[in-house]
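A.B. asks: The hints should help you fit chain F with the ligands onto chain Z, whose structure is shown.
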Amino acid sequence: MLEMPKLDLAKCDCCGLCVSVCQCGAIVMTSNRITIIETDDCGWCTMCELVCPSNAIICAYEIVFDNEV
Amino acid sequence: MATNREFLASIPYFSGLDDDELDSIGQSFSERKVERGEIIQLEGEVVGELFFVASGAIKVFKTSSDGKEQILSIVRPGEAFNDIAIFDDAISPVSAQAMAPVTLYGISRIELHTLLRDYPRVALNTTRVLAERTRQLMSLIEDLSFRHVIGRVARVLLENAGNGTAPGTRLTQQEMAAMVGSVREVVARSLKALEAEGAIKLERNRIRITDRKALENMVEASA
Ligand code: SF4
Ligand code: SF4
Numbered sequence: 001m002l003e004m005p006k007l008d009l010a011k012c013d014c015c016g017l018c019v020s021v022c023q024c025g026a027i028v029m030t031s032n033r034i035t036i037i038e039t040d041d042c043g044w045c046t047m048c049e050l051v052c053p054s055n056a057i058i059c060a061y062e063i064v065f066d067n068e069v
Numbered sequence: 001m002a003t004n005r006e007f008l009a010s011i012p013y014f015s016g017l018d019d020d021e022l023d024s025i026g027q028s029f030s031e032r033k034v035e036r037g038e039i040i041q042l043e044g045e046v047v048g049e050l051f052f053v054a055s056g057a058i059k060v061f062k063t064s065s066d067g068k069e070q071i072l073s074i075v076r077p078g079e080a081f082n083d084i085a086i087f088d089d090a091i092s093p094v095s096a097q098a099m100a101p102v103t104l105y106g107i108s109r110i111e112l113h114t115l116l117r118d119y120p121r122v123a124l125n126t127t128r129v130l131a132e133r134t135r136q137l138m139s140l141i142e143d144l145s146f147r148h149v150i151g152r153v154a155r156v157l158l159e160n161a162g163n164g165t166a167p168g169t170r171l172t173q174q175e176m177a178a179m180v181g182s183v184r185e186v187v188a189r190s191l192k193a194l195e196a197e198g199a200i201k202l203e204r205n206r207i208r209i210t211d212r213k214a215l216e217n218m219v220e221a222s223a
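Taken in sequence, the protein lines are chains Z and F. All residue numbers for the first sequence refer to the numbering used here, where the first residue is 1 and numbers rise by one. All residue numbers for the second sequence refer to the numbering used here, where the first residue is 1 and numbers rise by one.
Bound conformation, chain Z alone (with noise of 0.2 angstroms):
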């Protein structure tokens, strides 16, 4: 299963700028709330995750070591 940034809907004020933003079309607003879904073609630019102003919308970054994973 492919990763998505992750959403937390307490926090959403459906603004609908993370949608704006989102170049792939992974995230969605069906009546007034926000669905992430997942697809190849987001590739973690985190723009949406920047954009949000109520701070909803989280990419994070797994760290590793090389040949650790």
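Quick caveat, the hints were computed from the structure, so don't treat them as lab data. Just to be clear, a hint being listed does not mean it is correct.
[Stated by the list, open to error] Selected chain Z positions facing chain F (Cβ under 10 angstroms, derived; list incomplete):
1) 4
2) 23
3) 56
4) 63
5) 66
C-beta atoms are modelled at their ideal positions from N, C-alpha and C, and glycine is treated no differently.
C.D. replies: Positioned in the frame of chain Z, the structure of chain F with the ligands alone reads:
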């Protein structure tokens, strides 16, 4: 063009104005639509209009001589992005690009001057907005000039990396920034610098430490 009164009221520049004043100010604005990715303003360009973002988002950035982009801020609805150059009548110190389809409300320099003369309240609000922006830019500049941030980022990576058996902590750039006492923009830049030096490799949602020794040296050098 009649500009949305509620939108104007939400802009810090125009806070405290009554409906009639807002309606009359609204007459001075014109709307402009911008595509995603479009450059709205280039560093070094002459600025003739003050733009407020009505919908969408814009990134404000500078480009270094070697072509690297440094994001300075994200401008969201209700905020302006080219006020510095509008007020000192000089060229723009930054570039601005639409991160999404964007609607802008623009007011020409001449109309703006009239506004400032006619509405002392707007002039007062403006000084406050500019002071806030100065404060924000100063903290960013202070941080950008601190060479040791990169060493602190290196330490955070080493301390949070998984070791094969235990998985590493997952961190956002924002969290790393909080840990090193800096801002996200500087962390993003530090990570790119560490990658350019071959110490790490940035993969999709993973930071792979490829040269542990190099990172340790950087931590020592900044201690
Ligand atoms: S990281 Fe980028 S591509 Fe992925 S969901 Fe966020 S905005 Fe879209
Ligand atoms: S930008 Fe943030 S607050 Fe706005 S819709 Fe997206 S997740 Fe929700």
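A.B. asks: Taking the least C-beta to C-beta distance, is residue 56 of chain Z closer than 10 angstroms to chain F?
C.D. replies: Since chain F brings no Cβ nearer than about 12 angstroms to residue 56 of chain Z, farther than 10 angstroms, the hint is violated.
A.B. asks: Hold the hint about residue 23 of chain Z up to the distance rule: shortest CB distance to chain F must be less than 10 angstroms.
C.D. replies: Hint on residue 23 of chain Z: holds, closest Cβ of chain F at ~8 angstroms, below 10 angstroms.
A.B. asks: If you take the shortest Cβ to Cβ gap from residue 4 of chain Z to chain F, is it below 10 angstroms?
C.D. replies: Holds, because the Cβ-Cβ distance from residue 4 of chain Z to chain F comes to roughly 9 angstroms (cut-off 10 angstroms).
A.B. asks: Is the interface hint for residue 63 of chain Z satisfied, with its Cβ closer than 10 angstroms to some Cβ of chain F?
C.D. replies: This interface hint holds because 4 angstroms falls under the 10 angstroms limit.
A.B. asks: For the hint on residue 66 of chain Z, does the least C-beta distance to chain F fall short of 10 angstroms?
C.D. replies: At about 5 angstroms, which falls below the 10 angstroms cut-off, the nearest Cβ of chain F leaves the hint on residue 66 of chain Z intact, so it holds.
Hint 3 from the list above is the single one not met by this structure.
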